[in-house]
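Below are the chains, spelled out letter by letter.
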Amino acid sequence: MFARLRVAVRFPLMTPAHAVLCAIATTVVPEATGLDATQWDEVERIIARAIAARAPGLRRSLALYLALLEWLPLLRYGRRFSKLDAERRTRWLARLQDAPVLLVRRGFWGVRTLILMGYYGRPDAAAAIGYRAAARGWEARR
Amino acid sequence: MVIGSGAGGGTVAQELAPLVRDGVRVLVLEKGPRFADDDFTGRELEMADALYQDGGAFLTRDGTMTLAFASAYGGSTVVYTGTSLTAPARVIRAWDVPGIDHADLQARSAKYTEQNNVHLLDETLINDNNRLFVVGGRNAGYYVEQFPVNVKGCRGSSLCNLGCPNQAKQGTNRVQLPRAERAGVEVVTRAEVQRITSDRTLDVRVSERSPGAKGAPSEWAPGDYRVQAHIVVVAGGAIGTTSLLLRSALPAPRSLGHGFTCHPALILVAEHPGPITNDVGHPKSYFVDHAESERFVLETCMYFPFVTAKSLTGFGATHSEIMRAFPRLQMILLLACDHATPDNRIAVDRAGRPVVHYRVTPQTVDGLVRGTRAAARIFFAAGARRVHAPADPPLIEASDAGRLDERITARHFRPGSLAVSAAHLMGGCGMGRGAADSVTDSWGVVHGLPWLRVADASLFPDSLEINPYLTIMALADRVAEAVRRDVAALLG
Ligand SMILES: Cc1cc2nc3c(=O)[nH]c(=O)nc-3n(C[C@H](O)[C@H](O)[C@H](O)COP(=O)(O)OP(=O)(O)OC[C@H]3O[C@@H](n4cnc5c(N)ncnc54)[C@H](O)[C@@H]3O)c2cc1C
Ligand code: SF4
Numbered sequence: 001m002f003a004r005l006r007v008a009v010r011f012p013l014m015t016p017a018h019a020v021l022c023a024i025a026t027t028v029v030p031e032a033t034g035l036d037a038t039q040w041d042e043v044e045r046i047i048a049r050a051i052a053a054r055a056p057g058l059r060r061s062l063a064l065y066l067a068l069l070e071w072l073p074l075l076r077y078g079r080r081f082s083k084l085d086a087e088r089r090t091r092w093l094a095r096l097q098d099a100p101v102l103l104v105r106r107g108f109w110g111v112r113t114l115i116l117m118g119y120y121g122r123p124d125a126a127a128a129i130g131y132r133a134a135a136r137g138w139e140a141r142r
Numbered sequence: 001m002v003i004g005s006g007a008g009g010g011t012v013a014q015e016l017a018p019l020v021r022d023g024v025r026v027l028v029l030e031k032g033p034r035f036a037d038d039d040f041t042g043r044e045l046e047m048a049d050a051l052y053q054d055g056g057a058f059l060t061r062d063g064t065m066t067l068a069f070a071s072a073y074g075g076s077t078v079v080y081t082g083t084s085l086t087a088p089a090r091v092i093r094a095w096d097v098p099g100i101d102h103a104d105l106q107a108r109s110a111k112y113t114e115q116n117n118v119h120l121l122d123e124t125l126i127n128d129n130n131r132l133f134v135v136g137g138r139n140a141g142y143y144v145e146q147f148p149v150n151v152k153g154c155r156g157s158s159l160c161n162l163g164c165p166n167q168a169k170q171g172t173n174r175v176q177l178p179r180a181e182r183a184g185v186e187v188v189t190r191a192e193v194q195r196i197t198s199d200r201t202l203d204v205r206v207s208e209r210s211p212g213a214k215g216a217p218s219e220w221a222p223g224d225y226r227v228q229a230h231i232v233v234v235a236g237g238a239i240g241t242t243s244l245l246l247r248s249a250l251p252a253p254r255s256l257g258h259g260f261t262c263h264p265a266l267i268l269v270a271e272h273p274g275p276i277t278n279d280v281g282h283p284k285s286y287f288v289d290h291a292e293s294e295r296f297v298l299e300t301c302m303y304f305p306f307v308t309a310k311s312l313t314g315f316g317a318t319h320s321e322i323m324r325a326f327p328r329l330q331m332i333l334l335l336a337c338d339h340a341t342p343d344n345r346i347a348v349d350r351a352g353r354p355v356v357h358y359r360v361t362p363q364t365v366d367g368l369v370r371g372t373r374a375a376a377r378i379f380f381a382a383g384a385r386r387v388h389a390p391a392d393p394p395l396i397e398a399s400d401a402g403r404l405d406e407r408i409t410a411r412h413f414r415p416g417s418l419a420v421s422a423a424h425l426m427g428g429c430g431m432g433r434g435a436a437d438s439v440t441d442s443w444g445v446v447h448g449l450p451w452l453r454v455a456d457a458s459l460f461p462d463s464l465e466i467n468p469y470l471t472i473m474a475l476a477d478r479v480a481e482a483v484r485r486d487v488a489a490l491l492g
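Taken in order, these protein sequences are the chains called A and F.
Counting with this note's numbering, you get residues 1 to 142 for the letters of the first sequence.
Counting with this note's numbering, you get residues 1 to 492 for the letters of the second sequence.
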């Protein structure tokens, strides 16, 4: 699981990227806890592809942001992000989302977008929420 | 030589085709590939990756907005929704470009309205998502208008922005480019112009089709080419054209890159008590135009799961709950009418890649706030039980419908807190009086370089405040007319 992400996001501070991303993913989309290994693999493939397509500078910023997201909770809660319970994880991400500093908000927005892409970009997830658009349009419904 | 094959480039290609009969070689160089009908699968990420620059999420310099533009035979007309409006007279007057006259643009727009089969969709083809906008809009006291659209044989797949799988949308890939090719114009795809030099030479890189990728291989063998041109018409879109001219060592006017506008947009969503038809039917049939009075336009829309998910604010259980309500969701696209400012501009980095500097002004935020409130009123007046909007918390229940002005305020529209995106990219090579205030004249001729012309959305000196493609075609039609007029002198 998340093997590709280790290549796409080089993590400073010796933190395994997959553990952090997994913790963020299940906080952003709680249903992600129900994904099986194959589905997680698909999520990972989508995110890794999206990261790989971006400029090296952006990839470095993302890696740094994930490291800070993981380690800064240590100062506040005495544990790093991936070791927090669900409620504290939610609170921490909400702080980032509403942070007064643009850089912090923007970073969270980027991470959140990647997670949502990985989760809802899968045809399985689209079908699960009832999305049914098809080339045959009206004909397929009537 | 025509660079780019979208709304502007496709039009120029068609309008220069008669020159081929006179022995003139007309070549279109297009960076994107030529897609086959069965390439359009409607799968969200697959199509976004294949069609759009950066998958549809080209980031502005400060990372707070994404820009959507396509790269393909047909440019962004392959992914547009095909709503076809003519420029408002008041906007053209405010542009104040000597030689640009509203009646002239209207007449030229009418020509493409006809060519593109623009008409109002029959009521039987309108889905609930659109119908509820009409009902809600009228109940809430708004003047709701129907969009003329340019489709032929639309089956209502609702997949317009991922490329039409039914060849129904009449973009330049379906109408103007095939006509031009039949008349002898050559179109080379996967051919990116990297630089233009003062001696009218173009450095062109033709890319290989990677294994498994969509689209046909290029008509030319992959590799680098130097192409000698007599007349160059650049139509790479606001970002493509401006960045190409900036990285080319040309004595271009100083305002090159300035005047970028884009109608920053928000996707707003509301939940109805029961299922509605939303992901079937043409997605965009109605609009409310408050551009002049309140700086916003509301349009019906329908987006795909990932785009919808990222457009909602927040995360976690509430976000998931809205996503699970997908079959009950009504959607409205809010466009803010921004204006050119000195800071919002297109530049290039050291490698010559485009960098877009853009900040929303307080006036634009005001348009977004007013537009969000109006959309929420329409949703509730259409019977929605709750509305998802930039607010705290983001879900507004019907019981709060009377408190929208309190619930939706400018403080919820901070950059970096919401998914602002834009697909109407305008300016960068604005038309005007002379080199001191603009890049081109009203015929798209770059000041001081009579052989170099611009024919796309970058010509707009300020935003159009309405969907732009017909006006781009009208301007490109003028540019082509001027080329036909000047061709003998320039070839001579
Ligand atoms: C999702 C979406 C929906 C839209 N819906 C509507 C709508 O309903 N109604 C409406 O009026 N407008 C709509 N628009 C906007 C409209 O499509 C664009 O404004 C219009 O197509 C822009 O025309 P253009 O010629 O400026 O650029 P484009 O159509 O973007 O074409 C530019 C082309 O130039 C090529 N190019 C760029 N640089 C180079 C280079 N260096 N060398 C070679 N080729 C190059 C690009 O690959 C591209 O194919 C929509 C846009 C999007 C993205
Ligand atoms: S709704 Fe109509 S025009 Fe749009 S993609 Fe489907 S068939 Fe094509």
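Since the hints were derived computationally from the structure, they do not count as laboratory data.
Predicted model, so just to flag it, every value in this text is computed and none were measured.
For glycine and all other residues, C-beta sits at the position ideal for the given N, C-alpha and C.
There's no promise every hint is true.
To be verified - Which chain A residues face chain F? A few, computed with CB under 8 Å, are given here: (1) T27; (2) I46; (3) L74; (4) L75; (5) Y77; (6) G78; (7) T90; (8) L102; (9) L116; (10) Y120; (11) A135; (12) G137; (13) R141.
To be verified - Simulated restraints, written as ranges between beta carbons of each label pair: (14) F/V348 / A/R59: 54 to 60 Å; (15) A/G34 / F/G274: 37 to 43 Å; (16) F/A351 / A/D124: 34 to 40 Å; (17) A/P56 / F/G212: 51 to 57 Å; (18) F/E321 / A/Q39: 16 to 22 Å; (19) F/P211 / A/P123: 21 to 27 Å; (20) F/R43 / A/E87: 32 to 38 Å; (21) F/T409 / A/L103: 47 to 53 Å; (22) A/P100 / F/A351: 31 to 37 Å; (23) A/G34 / F/Y143: 44 to 50 Å; (24) F/R138 / A/A128: 45 to 51 Å.
Unchecked claim - Far from chain A, by Cβ distances over 12 Å, these chain F residues were calculated: (25) D22; (26) P327; (27) G402.
Evaluated hints:
Checking A/T27 against chain F by beta carbon gives a least distance of about 7 Å; that is within 8 Å, so the hint holds. Below 8 Å, beta-carbon pairs count as interface contacts, and A/I46 has one with chain F at about 7 Å; its hint therefore holds. Checking A/L74 against chain F by beta carbon gives a least distance of about 22 Å; that is not within 8 Å, so the hint is violated. Taking 8 Å as the C-beta contact cut-off toward chain F, the hint placing A/L75 at the interface is violated, the least distance being around 23 Å.
The interface hint given for A/Y77 is violated, since its Cβ lies 18 Å from the closest Cβ of chain F, which is over the 8 Å cut-off. Checking A/G78 against chain F: minimum C-beta separation of about 23 Å lies over 8 Å; hint violated. For the restraint placing A/T90 at the interface with chain F, the shortest Cβ-Cβ distance is roughly 6 Å, inside the 8 Å limit, so the hint holds. About 5 Å separates the beta-carbon of A/L102 from the nearest beta-carbon of chain F, less than 8 Å, and the hint is met.
The restraint placing A/L116 at the interface with chain F holds, with a minimum CB-CB distance near 4 Å, inside the 8 Å limit. Given hint, A/Y120 at the interface with chain F, holds; its Cβ is 4 Å from that chain's nearest Cβ, closer than 8 Å. Given the 8 Å rule on beta carbons, the hint for A/A135 holds: about 4 Å separates it from the nearest Cβ of chain F. Residue-level restraint check for A/G137 holds (minimum Cβ-Cβ distance to chain F is 4 Å; threshold 8 Å).
At a threshold of 8 Å, the smallest CB-CB gap from A/R141 to chain F is about 5 Å, leaving the interface hint in force. Evaluation of the 54 to 60 Å hint for F/V348 and A/R59 yields a failure: the beta carbon distance comes to about 21 Å. At roughly 27 Å, the beta carbons of A/G34 and F/G274 sit outside the given window of 37 to 43 Å. The hinted range of 34 to 40 Å is satisfied by F/A351 and A/D124, whose Cβ atoms lie roughly 39 Å apart.
The hinted range of 51 to 57 Å is not satisfied by A/P56 and F/G212, whose Cβ atoms lie roughly 24 Å apart. F/E321 and A/Q39 have their C-beta atoms about 21 Å apart, which keeps the hinted 16 to 22 Å range intact. Between F/P211 and A/P123, the C-beta spacing of about 23 Å keeps the proposed range 21 to 27 Å intact. At about 36 Å, the CB distance of F/R43 to A/E87 agrees with the hint of 32 to 38 Å.
Distance hint check: the CB atoms of F/T409 and A/L103 are about 24 Å apart, inconsistent with the given range 47 to 53 Å. With their beta carbons about 34 Å apart, A/P100 and F/A351 fall inside the hinted range of 31 to 37 Å. For the pair A/G34 and F/Y143, the supplied restraint of 44 to 50 Å holds, since their beta-carbon distance comes to about 47 Å. Taken as a hint, the range 45 to 51 Å is violated for the pair F/R138 and A/A128, whose Cβ atoms sit roughly 35 Å apart.
Here F/D22 stays apart from chain A, with its beta-carbon at least about 42 Å from theirs, past the 12 Å limit. With a cut of 12 Å on Cβ distances, F/P327 falls inside the contact zone with chain A, its closest approach being about 4 Å. Interface exclusion of F/G402 from chain A stands, the closest Cβ pair being 26 Å apart, more than 12 Å.
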